[in-house]
Amino acid sequence: MVRFILFAFLMTLLLQSAYGQRRENDYYRLETIVSAQAKTHSRDKRWRPDTKEVVLEVTGMTALDDDRLAVAIRKGEIWILSNLGGDPRNIEYSLFADALHDPMGLIYRDGTFYTAQRAELTAIRDTDGDGYADEYSNVASGWGVTGNYHEYTYGPKLDQQGNFWVTLNMGMGEHANNGDDLWRGWGIKIDGNGKLIPVCSGMRSPSGFGANSHGDMFFTDQQGNWIATCSLHHMREDSFFGHPWGLRSPHQAKLPTTEEVESVAAGVPWPNALPKITNLKPPAVWFPYKKVGQSATDVVLDNTTGKFGPFTGQLFIGEFRLSEINRVFLERVAGEYQGACFRFRSGFDSAVVRMDFNKDGQMYVGLTNRGWSSLGSSSYGLQRLVWTGRMPFEIKEMRAKPDGFELEFTKPVDQDTARNLKSYRMKNYTYLLQAKYGSPEILTEKNSIRDIRVSEDGLTVRLGIDGLREGFVHELNCINLKSKDGEPLLHPNGYYTLNRIPQVD
Amino acid sequence: MDSRNLKYKRTVLNLLLIQLIQFPMLLAEEVSPTIPGMMRDAPEEYSGQIGNVLLTELSCTACHKSGNDTLQPKGGPVLTGILHRVQPEWIHQFLKNPNTTKPGTTMPDVLDHLPAVQKTKVINELLAFLGSSKKTKYAPIKEDKNGDPGASNAERGYDLFHSVGCVGCHDPDSSEKFHELNKEDFEDNGVVGAGPLLSEWAESVPLPNLFNKYSHDALTKFLLNPGHVRPAGRMPSLKLNVVEAADIAHYLLGEKTVVTRPPTDAPDQQLVAQGKVHFVKFGCIECHQLEEDFSQIDRPVYRPLAAEMISGGCLEINSARRSIKYPLTSQQQQLLKSAISDQIPETTEQLLHRKLVAGNCYACHQRIWKNSESVGGVGARRFSLFETVGHVDFGDEGRIPPPLSGVGAKLTEAALTDILAGKRDIRPHMQARMPLFTEQVTGGLPTLFKRVDSVENNTTDLFSEIDKKELIEAGRQLVDKGCVQCHAINGKRMTGVVGVEMGQPGERLQAGWFKEFLLDPNSKRPRTRMPNFFPQGNASVPQILSGDIQQQVTAIWTYLNHSKTSELPDKLLADEQQNFELKPNDSPIRLRTFMQNVGTRAMAVGFPQRIHYAYDLKELRLALAWKGRFLDAHGTWFDRFIPFAAPLGDEQITLTQGVALARPGQSWPTKASAAGIRYLGYRLAKPPDTVPTLRFGNDQIEATDTLLPINSGLKRTIVVKGETTGWALLLATARETAKLVGDSDSVVIVDQRLTVTVDSGHLLKMKDGQVYVLLRPGDQSVEVKYQW
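Line order of the protein sequences matches chains A and B. Positions 1 to 505 (this note's numbering) are the ones given, in order, by the first sequence. Positions 1 to 788 (this note's numbering) are the ones given, in order, by the second sequence.
Keep in mind that the hints were calculated from the coordinates and are not lab data. You can trust all of the hints, since none of them are fake.
Taking lysine-lysine and the BS3-like style, the derived pairs with C-alpha atoms no more than 30 Å apart in a straight line are:
(1) A:Lys359 to A:Lys307
(2) B:Lys524 to A:Lys446
(3) B:Lys515 to B:Lys468
(4) A:Lys195 to B:Lys671
(5) B:Lys515 to A:Lys290
(6) B:Lys571 to A:Lys290
(7) A:Lys189 to B:Lys671
(8) B:Lys524 to A:Lys291
(9) A:Lys427 to B:Lys370
Just so it is clear, the structure is predicted and the values come from calculations on it, not from any experiment.
Same shape as in the complex, but just chain A (with noise of 0.2 Å):
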């Protein structure tokens, strides 16, 4: 009998897997590599990860030429990970450093890893060959560490210069603000010399950031204190991104006092906000909570070329709690970097927190939700994301025009559909800055479309959209639209912070 109701289990299991996941994977083959208590274990209740077994809390990932890839964990280890391509079960670990303090990140340049440790920036060598490190040299140092345990140091990654970054959390608690949190809340570049060159401030939980094709480093920031919903942030000099315990720390930057923002402490609408705070730069895209992720993690770009698919040139966002991974589209606008959001894969095993692209276009995914929780079925884990070459319908990209958005799909839309007033809806919100933890959405007012123009070949749609609002998240729903060959959109939302409304078409 047992065994009959194991078997209808198994039976409706393939038949009704979760449809949304069912299509994303239909576009995004998502594989697993090491899954903490992988299935094939956990039938046996009294089953424990096996002492010896590398316990891959990815907090650190770089896919090496050669096929390898180096993962950094939270133990303070550096592995290397053959053999990736086949059977999990071949999978090669060798480590390759060790005693590592909560590494938060890891690239490999010129037969050297580097690493962000709580309290310094540290390259890693093997100098004698055998594949285990045996020079630690310390490239960076200086900055605060109480103690307290959300004093993550996150990086690096390199800009154009080939400049090093690190971003710094905020303590929170206990051991915090006790003197030595020296820039606590900013984002440091660090030059060849191991000079800190701190840039900028206003961060809460910076914990991913990452260059766009230009070069130009942008942070996620997460949903608390002071942080209306998750961001993502151009970091530039004399730029305060709206949480004031950084300007503690002694700079020489354009910035606000703390007193003036702590004057808006009760909660000041973002638009109403900016002109009352010296440098405060809104975010170049808003993450609406929990439409789009509720806790931001890593900033990969897309530079394969096509290898992964329609979006090159985009940004991929990780998200811990949801364990997915959402998109976002850039332009600059008056100068200054403003864009949209879209979901893009979930169901990973895990939280989500680091991300990078191996030579062959695909991208190995990082997880660990330890402290915290996520959704899925792992504490931990590593997977891959492989594009299969089907092209899956999306709104690719979501343009700010001065009457309305233009919409670029990935492929031709079903014109009928596509020139339905019908098929589109837009709302538009903004949030409080506030000493709170998070923001409701507030002065939520709906958009009507206007007009619609389709390009002839189907591939771009021009919104003419009343009531526009500057420094208003707009959102907008394409819930009937169809492509040529009659599919829905795979995510037909899209969520564009719109800080400026360009002048020029």
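Starting from the structure of chain A, add chain B where the hints point.
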């Protein structure tokens, strides 16, 4: 005008009213009765009969009886033994001018109509009478298992006052600033959207001059159990232990040693007799309990509450005819008049709202009513005064008392009753405590919540056709996938987890609510951190119970309700069995960690020889050495809150307090930056030795430092290259003594415990407890032995 705009206008009106109230306070003049809950902006639908609050809070119905059972008067404190508790001078002052002596008091001036001389005489007679009440013997607060209240501490009291919930109703210390709400800010900044913030305005209950009123002992006793002398219970118990109460009293009173002593002289019996008559005649007896026999005195007869009373009597503000004085605001007068004249029966919603106003539940709790209008909450002004234990970031829901929205459909009536009776605290992470109110405040609330909030298909259990054993096992696996990462089950929690206890939810939660919450957490708590484990209605773990979300929720519910007798989820089991002790069996082990007495940039190195050391890489200080067991990496590798590591072994010894390489000056530098050197990194010997050699220095000088175990200690080799002249190496720091052995300049015994031996090429020097060697010109190697 849309409703939000209207709401804003009302709020501004409220603000102006508050200012009108507060302004006279500065002049120590009349302050209208403070009933903070009344200032909360609430929709007409619920607040329509809010004037009834005044009938109870001002105790109108103590004299003017009402047929409406819900209009029980608040009444005043029990006066038995009052002079054991409160200074007579303060009572005298209070009776003379109630609302200036205790701003905002709800006690009327019953002697207002008397000429000044006579008033004083009556007060003296009343005091004589109160002093003659000997029914309660005063017992000073005693030491108990929590400690000695006599050793109270004002700083601790300050912290408690500002954390456990006192500031929910009372003003914080002036240095703990409120977030100021600035009306102009809102007008400048899109009032419509920011309006709700203003409606969160929360007025404070003013405190009288406590120093004049209470002794430390008396205030401590009051704080321990306010309901004992104030059965009305508007001031709740914050579940303080005796030391906490004494600490808060100490903070509120400052350094005060005066003990309240009732008059010891035999009272003048004539005065006492007169006072007793006054007590009845002036109506004190209607509100205050006092254990005396009043049967021989005629009690005045008051008119029952009736519509025609709205003119004349107590409400006659400016008439010589009035007998007692309530300094009501014009708004309060109007509300009171319409409550008396209309006497419209309240709806259940209105009654519930009124009870929440009277108890000032809204001070801490927000409630979103069915029509989605929000009332109450700690508000923008106070929200920074609420914190989590250990200031752990847990979102606002971790530090702000939970909302009461739909609570009647969430909690079982039994749980609500328990919570209001001070039981079932499930939020140990929250500093604020759910206070314990008296029956007068909480009576009937569970039933009212249930009646107002009850929803269709309210169910107390979830059922499934699936075999219960299987259901429980499926639930166990589902709980393991998600819940345990944030929640405790029957007190068992993964390391660092601080979320709400989840064991036996059926004793607390209604099953229907649990199911809806799990399927869409946001629908019950907007913007909660709790993720949706069923995104878009799909199971995130499709392989369990075929991904049937209804069955999955039922399984979770069933497992949790059987969790006391079922196996723990795997992750909790594993966590219980995790062992992170580092044992350097074959090779040395290094650990970079936060470490006690070493710092936030520590490197600990453990050797198979069971001798270990820790180096502070920030200040380049050889900090500690010890023998035996090495370290537990649990805090570093596993615990979210990374407690500082500490040596597991014994024979721990502090080696140096200062930078390893420095130019000796007035005092030995303790900061690497002051010594002008920096940490450069380390090299590792080939496996299996893997002994680290630390590197530090600057452009002119560079040193390497290697430690290896030897018999009963460590051997340290420091190699220095470059411009060594003028530089020195710190080898040990004595806390008490450092004595050279015999005539030698190469062996020293530090603190009678540690023997430090330097090679024959260098001479030990000592200054201010620092043991060091000066470097010769040129490259050199220094060898040191530590034995203890």
